[in-house]
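**Q** Chain by chain, the residues:
Number of protein chains: 2
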Amino acid sequence: MRIDTLALVGVGLIGGSVGLAARKRGVAGRILGVDSRPEVLQRALTRGVVDQSRPNVGSAAAEADAIVFCTPVDVIAGQVIEATSVCRPGALLTDAGSTKASIVRDVEGRLPQGAGFVGGHPLAGSEKQGPEHANAELFEGRVVVLTPTSRTDDKALSQATALWEALGARVRLMDPEEHDRAMAMTSHLPHVTAAALAGVLPPEWSGLTAGGFRDATRVASGGPELWAAILQANADGVLDAMDQLDKRMAEFRRSLASGDRDALIALLQQGKLLRDGLTC
Amino acid sequence: MRIDTLALVGVGLIGGSVGLAARKRGVAGRILGVDSRPEVLQRALTRGVVDQSRPNVGSAAAEADAIVFCTPVDVIAGQVIEATSVCRPGALLTDAGSTKASIVRDVEGRLPQGAGFVGGHPLAGSEKQGPEHANAELFEGRVVVLTPTSRTDDKALSQATALWEALGARVRLMDPEEHDRAMAMTSHLPHVTAAALAGVLPPEWSGLTAGGFRDATRVASGGPELWAAILQANADGVLDAMDQLDKRMAEFRRSLASGDRDALIALLQQGKLLRDGLTC
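So the protein lines, in turn, are chains V and R.
For the first sequence, the numbering used here gives the first residue as -15, with consecutive numbering after it.
For the second sequence, the numbering used here gives the first residue as -15, with consecutive numbering after it.
Simulated from the structure, these hints should not be mistaken for laboratory data.
Check before you lean on any hint, since a few could be wrong.
Only part of the chain V face toward chain R is listed, based on derived beta-carbon distances under 8 Å [unchecked claim]:
hint, residue
1, N40
2, R198
3, D224
4, D260
For each residue, glycine too, the CB sits at the ideal point set by N, CA and C.
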């Protein structure tokens, strides 16, 4: 996999890590960066995440062979459409947004004939933000979900697959709606729970937290605006996932209120069984 | 601080770590171990966590200058009382149980005149169990809560304080009931939430989890029997904490269902503010 000119729209943690990984692995001839925040773009240049900056999506898209959109989920679709009007024939357009259904729907509803878009989502990240936390190994061995539809160009899908594999990831294909239902449970619900747990802790007890609380709430340090956009883009899925958690919490409540130790142990055992099956 | 003979009742992760820390820091002349599980006691001997084993609480207590009970919270009080009938005059009895109110109440209701007991809880641990995971640095810089009452012997409190400080910890004094209310929020509720999150994840989506889910659910790998005993010993506190989380989750739900982004950001911001204030 070799891309002459790779453009990154959004050069924060994810875009910055795509840049560093592409550079380290020799995937791109040159890397262009676009970001609406001038100071973030400057930090990305300083860190060597990108070779050159461009002032807007259009000017980067006009030069790029592949464009990866690593911006908040509520702006990605509009930027992709903006890029399609100027990008080169055969250019790959893909994204790294944490939700897929609304982005893919919005893009496909307005996509010009022949434009090569496929939705994507690397299951990797950090509660830390910005190109200064970018990491060339962020995608190493991690799953990247691509969400082709019946309208997806075959060449775009194979290019996006090759790109992420070249960055060290394992590609898994899913339907956009299924992706969002799964992420509601694996990512969005844990984020809400972490924020809620941290939000209800009386500050005078913060000195009484240990590793358990800190791990359980780590993701609550993520950017509120970024996460609000993600949760809203998948609101139905998140609400469904919250219902499922609610039911399970009610089972815990009943076993505790009634002193039913066997039921309580069974509930804890189910959680342990699933958790023990995950690596690290 | 120097203890001629230190007895550990329960030589799993916590008892084993007390033993390793005491040995490394020269706190104890010799360390005796008791455990109802012969294979665990053997592993503790093999690892050098204890110098010698004793067959039961009484035989260890008869020789010990200080006894630390590191057993499940539902057996600690009975073992402390058993020890008081044979222990030396002036011996320190303390424990490392994750709940304090019921243990302290049960022990104090049956404590002979002059026996030196003080409740304790090191805010350190791991989802891993057993002396093979014990760690001489487990208490380094961590908070140990001691829960003296009006009936606590002054000398026992100063001995227990000196012991934990000698093991590297910082001692904080709290009322047993206040300790349990705080732990409901800082430890027991996050455990229930982790177990519930892990328990409701469809196994076919476990390959779609990343660091966020794994951190949020790490503690769910803890021992179900141990945790059932902890949650039951603090059932009222845990149910209250669940109510508070429930209310906060309902606020998230309302903001999501109504599409109120400002409210959603405010909720996320509150969680981030608290979480960012915690180290690591």
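**Q** Run every hint past the structure and note whether it holds.
**A** Here's how the hints hold up against the structure:
1. N40: The hint is violated - V/N40 has no Cβ within 8 Å of chain R, the shortest such distance being about 25 Å.
2. R198: holds (6 Å)
3. D224: violated (11 Å)
4. D260: holds (5 Å)
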